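Enquirer: Model the full structure from these sequences, guided by the hints.
Residue numbers (full-length UniProt numbering), protein chains in the order written: chain V, 1 to 446; chain A, 1 to 446; chain E, 1 to 446; chain L, 1 to 446.
If you are wondering where the hints come from, they were derived from the structure by calculation, not from laboratory data.
Each hint can be trusted.
Note that identical chains are pooled: a pair holds if it fits in a single copy or bridges any two copies.
Derived pair list, reagent style EDC-like, types lysine to aspartate or glutamate, alpha-carbon separation capped at 20 Å:
no., residue 1, residue 2
1, Lys-25, Glu-433
2, Lys-289, Glu-433
3, Lys-289, Glu-29
4, Lys-72, Asp-39
5, Lys-220, Asp-381
6, Lys-358, Asp-335
7, Lys-82, Glu-132
8, Lys-334, Asp-284
9, Lys-56, Asp-46
10, Lys-420, Glu-280
11, Lys-420, Asp-33
12, Lys-72, Asp-422
A quick note: this is a predicted structure, and the numbers were derived from the prediction, not measured.
Number of protein chains: 4
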Amino acid sequence: MNDLKRSDFEVNRLGKATLLSPIFKNYAEEAPDKEFIDDSRRIIFDASIEAYNANKESSEDPISFLKAGARKEIYFDPSKTKAAIVTCGGLCPGINNVIRGLVNGLYYRYKVRNIWGIQYGYQGFIPEYGHEMIKLSPDVVKDIHLFGGTILGSSRGRQDISAMVDALERENINILFTIGGDGTLAGNHVINEEIKRRGLKIVTAGIPKTIDNDVNFMTKTFGFDTAFTTAAAVVRDAHNEATGAYNGVAIVKLMGRDSGFIAANAALAMPDVNFVLVPESKFDLHGEKGFLAALKSRVVDRHHALVVVAEGAGQHLFDEGDEVKDKSGNVKHKDIGVFLKDEIGKFFTGEGIEATVKYIDPSYIIRSEVAIPADSVFCNDLALNAVHGAMAGLTDFVVGRWHNQFTYLPIPVATASRKKIDVDGSLWWSVLETTGQPINMTNEKK
Amino acid sequence: MNDLKRSDFEVNRLGKATLLSPIFKNYAEEAPDKEFIDDSRRIIFDASIEAYNANKESSEDPISFLKAGARKEIYFDPSKTKAAIVTCGGLCPGINNVIRGLVNGLYYRYKVRNIWGIQYGYQGFIPEYGHEMIKLSPDVVKDIHLFGGTILGSSRGRQDISAMVDALERENINILFTIGGDGTLAGNHVINEEIKRRGLKIVTAGIPKTIDNDVNFMTKTFGFDTAFTTAAAVVRDAHNEATGAYNGVAIVKLMGRDSGFIAANAALAMPDVNFVLVPESKFDLHGEKGFLAALKSRVVDRHHALVVVAEGAGQHLFDEGDEVKDKSGNVKHKDIGVFLKDEIGKFFTGEGIEATVKYIDPSYIIRSEVAIPADSVFCNDLALNAVHGAMAGLTDFVVGRWHNQFTYLPIPVATASRKKIDVDGSLWWSVLETTGQPINMTNEKK
Amino acid sequence: MNDLKRSDFEVNRLGKATLLSPIFKNYAEEAPDKEFIDDSRRIIFDASIEAYNANKESSEDPISFLKAGARKEIYFDPSKTKAAIVTCGGLCPGINNVIRGLVNGLYYRYKVRNIWGIQYGYQGFIPEYGHEMIKLSPDVVKDIHLFGGTILGSSRGRQDISAMVDALERENINILFTIGGDGTLAGNHVINEEIKRRGLKIVTAGIPKTIDNDVNFMTKTFGFDTAFTTAAAVVRDAHNEATGAYNGVAIVKLMGRDSGFIAANAALAMPDVNFVLVPESKFDLHGEKGFLAALKSRVVDRHHALVVVAEGAGQHLFDEGDEVKDKSGNVKHKDIGVFLKDEIGKFFTGEGIEATVKYIDPSYIIRSEVAIPADSVFCNDLALNAVHGAMAGLTDFVVGRWHNQFTYLPIPVATASRKKIDVDGSLWWSVLETTGQPINMTNEKK
Amino acid sequence: MNDLKRSDFEVNRLGKATLLSPIFKNYAEEAPDKEFIDDSRRIIFDASIEAYNANKESSEDPISFLKAGARKEIYFDPSKTKAAIVTCGGLCPGINNVIRGLVNGLYYRYKVRNIWGIQYGYQGFIPEYGHEMIKLSPDVVKDIHLFGGTILGSSRGRQDISAMVDALERENINILFTIGGDGTLAGNHVINEEIKRRGLKIVTAGIPKTIDNDVNFMTKTFGFDTAFTTAAAVVRDAHNEATGAYNGVAIVKLMGRDSGFIAANAALAMPDVNFVLVPESKFDLHGEKGFLAALKSRVVDRHHALVVVAEGAGQHLFDEGDEVKDKSGNVKHKDIGVFLKDEIGKFFTGEGIEATVKYIDPSYIIRSEVAIPADSVFCNDLALNAVHGAMAGLTDFVVGRWHNQFTYLPIPVATASRKKIDVDGSLWWSVLETTGQPINMTNEKK
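Expert: What follows is the structure, given as structure tokens:
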């Protein structure tokens with residue numbers, strides 16, 4: 001549980017919600033039984049009977065997440081509300097779907113008419129860049145869910161917080177929706193601190209964008225399903241390349257900076273893969289039990305092999321001391337794909353085995369893809385729930401999903417640590433059994 | 001909760017599991033921390049804090065589901081175990097994936113070598129039909145996940161229970177995996193009763209197959225994601241047809257006998273739809289507030305309209321008294337799609353409006369589709385968990401998923417009632433807002 | 001050769017082209033070697049050495065088609081030219097691509113700025129309907145090639161010719177591009193006659209739209225590749241349905257009013273098909289050598305069968321005397337698909353064979369599909385060549401392709417008769433061998 | 001015309017065909033009008049009326065190609081014929097389709113039962129490699145057209161010719177079908193010389209495999225349509241990446257060693273591309289009129305740019321003197337994609353412009369793809385015609401298509417030179433107009 005306390009899971013609000021929601025007014029007569037959610041509704045983190053029984057003794061409530069959804073009372077007067085949307089960091093399938101969902105949710109459900117897109121990420125707040133804000137409406141976003149990418153453009157890295165809040169003030173923005181990753185959301189939190197310091201009536205809401213699916217307390221993040229769907233097709237292509245040559249070895253590098261969810265799921269969906277290498281499971285390259293020995297054994301036996309590697313895997317194989325960070329503050333990984341390709345080539349040459357090594361890096365192709373329908377529905381729901389929370393006056397929060405219900409989490413909780421594959425759990429277990437790879441590819445004894 | 005008692009959720013077992021699982025033996029040294037599940041592990045049905053607090057007073061445990069997964073001890077000796085797989089009812093994306101998962105799970109995880117496919121559903125048990133059993137192995141099922149349909153063939157309807165159990169006895173089958181819908185699983189339960197009566201050492205395990213996603217106590221059934229993915233593409237085609245003609249009205253009929261999940265999700269994924277008609281929300285055809293009046297208003301205003309209708313919607317519009325059932329015992333619905341097409345045509349003619357009505361029924365195209373990667377992974381997990389349960393000696397159960405964990409449910413619980421869209425909940429709410437259709441299309445006052 | 005004379009292949013022009021083309025001016029300096037086409041360039045119809053030798057004796061030139069392409073001199077002054085585009089008849093993949101190609105060709109290559117879309121087919125010319133013309137520009141058509149359907153809408157049937165030419169006059173339109181089928185193009189020809197009669201300076205150019213690929217003197221029409229691509233996927237689905245049931249018979253009805261090109265090519269691309277029924281090859285239903293007997297033999301032998309039928313096949317099986325035409329003047333065919341489904345069902349029941357018959361009609365799904373890239377490139381080329389011809393003052397012509405070169409044909413030539421499958425040629429031969437169906441399914445002796 | 005003489009276009013035969021074809025016998029009664037082709041049937045190379053008129057004076061026949069198709073008489077007795085198939089060089093969509101077509105054509109049309117696959121290219125003939133031959137039959141190849149790659153495996157480079165012919169002799173192979181590129185076919189020709197020298201009764205037939213579509217005297221080679229279809233999707237992804245960043249520049253490297261057909265067609269199919277760089281059109285990097293200046297102008301103006309580069313483009317930009325060849329004898333190109341990425345990055349930095357450069361190399365993903373239906377039908381036809389030619393005793397030939405008819409060409413003619421884009425013709429013209437790129441990106445005056 002990452003040393004988090006129960007109280008860390010409380011979402012802040014700007015103030016009491018006192019206005020009747022247009023949704024409620026709209027439906028009051030025709031659908032009096034429509035469900036509205038209030039702040040007492042929460043979803044328990046651990047739904048196991050063991051946790052239940054353990055907790056029963058305790059006087060405290062179990063850890064739980066605020067349930068997302070439309071509130072009967074809202075904080076902002078729609079006719080006076082100005083909302084802005086910003087997209088940051090690398091591309092991820094579904095960004096346009098989220099933008100569309102936010103715009104339509106604000107416009108049709110709350111009658112907010114003053115909606116703006118900030119261009120090119122946090123840069124868009126900084127006058128020096130000269131990026132104009134774009135007026136958004138249902139007409140503008142009508143068909144954007146049919147395209148990958150982001151209509152607003154994006155950029156990496158934070159900008160000066162004070163300048164950003166100046167921009168919010170100057171533009172009279174009441175609600176800022178941020179679609180971005182870890183670094184972006186952490187930035188959002190700092191923006192919020194500054195807002196608080198200045199006593200402004202501005203809320204910030206985040207929709208976590210991480211194609212790696214590595215946000216804690218969230219079953220899934222948007223774009224992930226599309227990502228491993230696209231990756232699975234590439235894995236099949238790589239299988240054709242591997243079997244197309246005698247002693248053919250195909251390597252596919254997939255996204256996954258700190259966790260191997262895409263790699264694992266793509267391999268399960270297209271189970272021709274023989275090795276999945278992920279950050280969560282350390283491996284040696286050389287030595288009797290190392291990866292290369294296992295690979296050789298496979299190639300000698302079957303004359304082809306298919307390797308899927310997450311970009312964050314095997315980082316310990318590189319020399320230390322020269323860590324580099326990108327503009328978003330992420331540690332820039334050495335390219336494990338290219339490294340493996342070279343090492344495998346050298347290894348087989350050294351072993352006197354004629355092997356053909358092929359390397360595929362489909363990252364840009366995956367992240368710029370159109371969201372599949374399952375993601376499309378999910379993005380829309382995330383966006384609507386972000387709108388509900390923001391209109392109700394909640395702030396410094398992200399929207400998540402847990403136990404198939406949408407939730408609101410404080411940003412610091414969502415960014416405190418990252419979700420990883422449990423190498424003793426059933427997902428990794430399935431990977432091991434599907435690939436047939438050794439459980440342990442290190443030379444240390446467990 | 002459908003009047004179910006806590007005790008109804010207990011899964012039966014054939015006997016105590018006393019043999020050490022090959023999985024455990026296989027991993028004991030290399031992965032001593034691997035997680036094994038025992039029968040005390042359960043998932044609480046209602047994970048809300050409200051339910052938690054309400055329950056706290058009570059002396060009883062809350063309703064919960066047995067957690068699925070590999071057990072350390074198993075019931076059947078793999079070297080002596082004979083397993084059979086049967087697929088029943090209509091096609092659904094993912095059947096081949098489930099078959100593949102069962103075969104590979106039995107073969108690689110438990111070293112069961114004696115695996116057979118029953119051809120053409122329950123017919124395959126009846127000697128008169130002359131359908132041979134097919135020997136299954138990883139080689140046979142290697143690439144079948146890349147194809148829709150079922151390699152075993154299927155049929156509708158039950159066969160004589162006694163003759164079926166005779167077949168199980170005659171063939172010395174220990175484990176019967178049934179991939180089928182409501183009627184099939186109910187059949188499975190009756191088979192189980194007969195097995196018990198005869199005192200045989202046979203377990204039956206079900207993997208619920210309903211493209212409609214309407215099984216209670218299960219977040220999702222396999223094939224559903226693929227179904228609405230395929231449906232969404234057809235909905236877009238229909239949009240092109242609707243806008244391609246002046247006053248063009250396109251109608252897409254989708255699966256959904258008792259519930260409109262496919263229709264609702266397809267409409268949310270491809271939000272060009274103007275009307276979603278589902279079994280859960282009654283509508284009148286005629287009258288001031290009826291569907292045709294709303295449709296006319298849309299067509300006059302925008303000159304095209306797109307209607308998605310679930311096959312079970314509007315059944316009250318047909319004359320009663322002539323209910324027909326198909327061989328599976330399902331009530332055969334009148335064809336609401338053709339009916340609507342005719343009624344809409346007549347209506348516009350009557351109104352003096354020249355409209356072009358186009359009707360699309362993509363059912364066979366949807367249900368015979370290849371599983372998308374998300375379904376592929378899901379099918380594999382369902383199959384593996386079915387294998388774990390059956391090898392452990394559990395019987396008369398189905399595999400499900402709840403709160404993102406796999407579960408085992410007694411068949412009678414899973415088939416007692418059907419999951420439906422809550423018309424006061426957030427899914428239907430999203431549909432109403434996305435389509436802009438009237439909340440209430442009946443002439444009665446609510 | 002359909003009794004056409006050499007002189008029938010001469011394309012009319014409105015007058016001599018005397019203005020220097022902007023393309024020539026634009027490229028004169030940088031690309032002096034660019035190829036421009038003049039009216040002496042023609043493509044020979046029959047490129048066989050036999051025809052060559054036969055012709056050598058003759059004093060006449062062989063039959064040939066005017067070569068399409070940019071002319072150095074043009075007829076219309078771009079700055080004063082007004083062009084209009086109209087789309088008629090049923091949907092076909094690629095219509096939007098053609099519209100885009102026309103607009104961009106006029107705009108970028110010839111600097112024509114005055115381009116309009118006529119809405120809803122020929123109706124758009126008739127004031128009573130009240131359809132506004134739409135101003136078109138590269139911005140408007142930017143992304144439309146990514147969508148199926150037609151952004152202009154369509155309608156069937158001719159309107160009053162005089163009223164249509166009135167509209168052309170009233171709006172000062174100089175060039176009318178018509179995207180439509182047989183009936184539409186014939187209409188275009190009549191419009192042209194009226195234009196000539198009135199002595200107007202208006203040219204008409206057609207881009208033949210027939211998903212059936214049945215235009216004479218043209219290797220291929222746009223949308224056809226996409227059509228059989230989509231059809232092939234449905235054929236595979238049908239294969240899954242056929243094999244999914246014992247004695248499963250799946251029937252797919254595909255487009256093909258007078259010719260079976262889509263059916264034949266879909267069956268060759270997805271060669272699981274057992275019977276292809278097309279208009280060009282008559283068959284009996286009953287009798288020793290009839291289709292049903294052949295089908296029974298297949299089903300008894302293999303327990304499943306897959307039938308692909310073109311919509312115009314087997315029309316002789318219906319009672320005559322009640323021919324109906326649609327608004328475009330096409331004979332409305334009885335539904336051979338539904339008919340076959342019923343007849344097959346009755347037949348097997350009569351034979352005491354329990355068969356499951358499934359019927360799929362994917363027509364709307366196919367014709368509303370997005371053009372595949374091969375079609376996309378083709379549509380663009382067709383459009384550009386239509387623009388080149390029209391700007392050069394050619395009139396009453398359609399754009400075609402022959403021997404992999406683009407051509408201009410007089411409309412009467414292109415609509416005089418229809419292209420059909422030669423049942424003694426290699427395409428039908430391939431179909432017979434791929435399906436294994438009897439050559440002759442009539443009871444007459446050949 | 002590459003200095004080829006008329007006589008170069010004569011295809012060799014092993015001897016007179018004297019046996020009645022099983023196809024003829026099979027169809028004689030039921031289809032007496034079926035068309036059979038004899039060696040007098042030829043297709044004229046140049047079907048223009050200009051060439052016709054020029055030739056009329058001459059006493060010689062025009063250059064023409066032998067028409068492919070089933071002959072009434074064949075050379076080999078099917079019951080005694082042994083055929084072998086080998087696939088060489090890099091992957092290309094459709095190889096499995098060709099294999100399937102060959103096997104089914106031999107088996108069903110000619111009743112040849114003795115069909116073998118050579119594994120891993122020409123290596124498969126060399127005993128030292130130990131690759132077993134694989135027995136092929138319709139059952140083995142039933143579903144392989146649904147997969148990319150090659151079921152036979154492949155390798156690059158020639159093997160010892162004498163050893164290869166030894167293998168043909170040793171195995172009593174009568175017909176060798178080779179699916180491969182330039183180098184492979186040239187190898188095939190040399191094998192044929194050796195066969196002639198030894199006086200063996202063996203024919204060799206080639207099916208040209210070049211994803212680049214660069215074979216002379218052939219409109220299209222198999223796999224090309226699939227290649228640019230797949231490439232077009234990646235181009236769209238790259239567009240999303242380019243627009244997703246401020247001053248985003250995306251580069252897609254596509255196949256095209258000596259010709260830019262894939263690059264050109266992908267850009268036309270997905271016309272978001274701003275620059276297409278191909279081997280046929282030289283460009284400077286630097287200087288006032290160089291590519292980088294043009295790119296800068298685009299980026300400054302629109303803030304994003306999309307570049308498609310064929311792998312063989314810009315080779316003059318690399319230092320000479322260190323030419324390297326791969327095992328197939330192809331000159332190994334320096335990686336123009338990586339080079340451009342680096343140069344563009346340096347250039348913008350030097351110009352003080354913050355640009356984001358993204359580089360995509362989808363080659364393996366494209367070449368391992370499943371053939372699209374249009375390719376599927378084409379592959380099947382190529383294969384059947386190869387079978388017809390070989391059974392008739394033709395040798396040292398490849399199958400092609402010209403003027404939409406299948407042809408047979410002597411291998412030396414097909415490999416004498418390569419097809420290239422005519423930079424003064426309509427394809428390149430379309431590319432220039434679609435992209436808006438300068439006609440001339442060199443600093444020399446034209």
